[in-house]
Amino acid sequence: MSRRVAAAAASAAEAAAAAGESSFRSFMVAVQRCGSSVAIVQQFFANSISRLLLPVDGAHAASCEEMATAMSSAEAAAYKGLQQCIETVMAEVERLLLAEQKATDYRSPDDGMAPDHRPTNACTRVVAYLSRVLEAAFTALEGLNKQAFLSELGNRLHKGLLNHWQKFTFNPSGGLRLKRDITEYGEFVRSFNAPSVDENFELLGIMANVFIVAPESLSTLFEGTPSIRKDAQRFIQLREDYKSAKLASKLSSLFTS
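Note that full-length UniProt numbering has the sequence shown beginning at 1, numbered continuously upward.
Treat the hints loosely; a few may be bogus.
Here are the computed lysine-lysine pairs in the PhoX-like style, where the Cα-Cα straight-line distance is at most 25 Å [as the list claims (entries may be wrong)]:
#1 102 / 146
#2 80 / 167
#3 230 / 167
#4 179 / 80
#5 146 / 159
Pair by pair, the computed Cβ-Cβ distance ranges are [to be verified]:
#6 163 / 68: 20 to 28 Å
#7 162 / 23: 26 to 34 Å
#8 99 / 199: 25 to 33 Å
#9 69 / 213: 53 to 61 Å
#10 94 / 220: 52 to 60 Å
#11 57 / 155: 46 to 54 Å
#12 100 / 223: 17 to 25 Å
#13 41 / 118: 46 to 54 Å
#14 56 / 163: 33 to 41 Å
#15 237 / 198: 55 to 63 Å
Hints are computed from structural coordinates only; laboratory data are not their basis. For each residue, glycine too, the CB sits at the ideal point set by N, CA and C.
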């Protein structure tokens with residue numbers, strides 16, 4: 001691919017990302033306004049229309065049923081839109097990770113230089129994007145809708161990062177850099193107030209230790225957290241010394257004991 005074509009593709013991707021972010025914000029504004037309108041309609045129905053229909057045989061029950069159906073349709077439309085918002089956000093997160101994450105981020109050369117303990121550029125870009133775009137969601141959503149949206153997005157982010165990191169090889173200094181990234185992501189998702197999401201990112205931080213410890217210490221890492229052994233096993237295979245340390249022969253005994 002020529003530089004001109006690559007530049008055009010990058011420009012198109014940036015434009016698509018900007019359009020997606022604009023659509024996200026617009027939808028959140030619409031959800032907020034819709035929520036306010038629904039509350040007004042429900043209050044008016046309960047205080048005025050409902051009372052007028054009480055003396056009419058069957059009219060009150062029928063109107064209540066129609067109102068419930070209308071509210072259900074509105075909720076379904078909002079839910080569908082929120083799901084699409086999550087897809088939009090995750091698509092941009094994946095694009096940023098693909099564009100910004102470098103192999104050397106987690107496998108820095110052993111050149112005697114002090115390890116870089118800053119978050120990687122990919123992590124910084126993703127967190128900045130999420131902070132910016134989700135500002136609209138924090139303002140527009142409330143109650144159970146907000147909790148459900150942020151919990152699902154947090155779980156999708158966790159899964160997306162796990163899949164993303166499967167593409168890389170890690171040495172010990174890279175493992176430390178990964179832990180720094182995980183800390184950055186974890187600090188951000190704490191604003192979601194979703195305990196299950198917080199726990200997932202805490203476990204990621206524990207799991208990243210597989211890249212830092214000596215091979216003989218791997219067996220002690222997950223004694224108190226057996227729930228992450230399956231993911232940890234996949235992580236161990238990403239160690240730079242996986243073959244040279246003959247870790248494959250040790251995995252079966254390590255994870256079946």
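Could you work out which of the previously given hints the structure breaks and list their numbers from low to high? Structure breaks hints 1, 2, 4, 6, 10, 12, 14 and 15.
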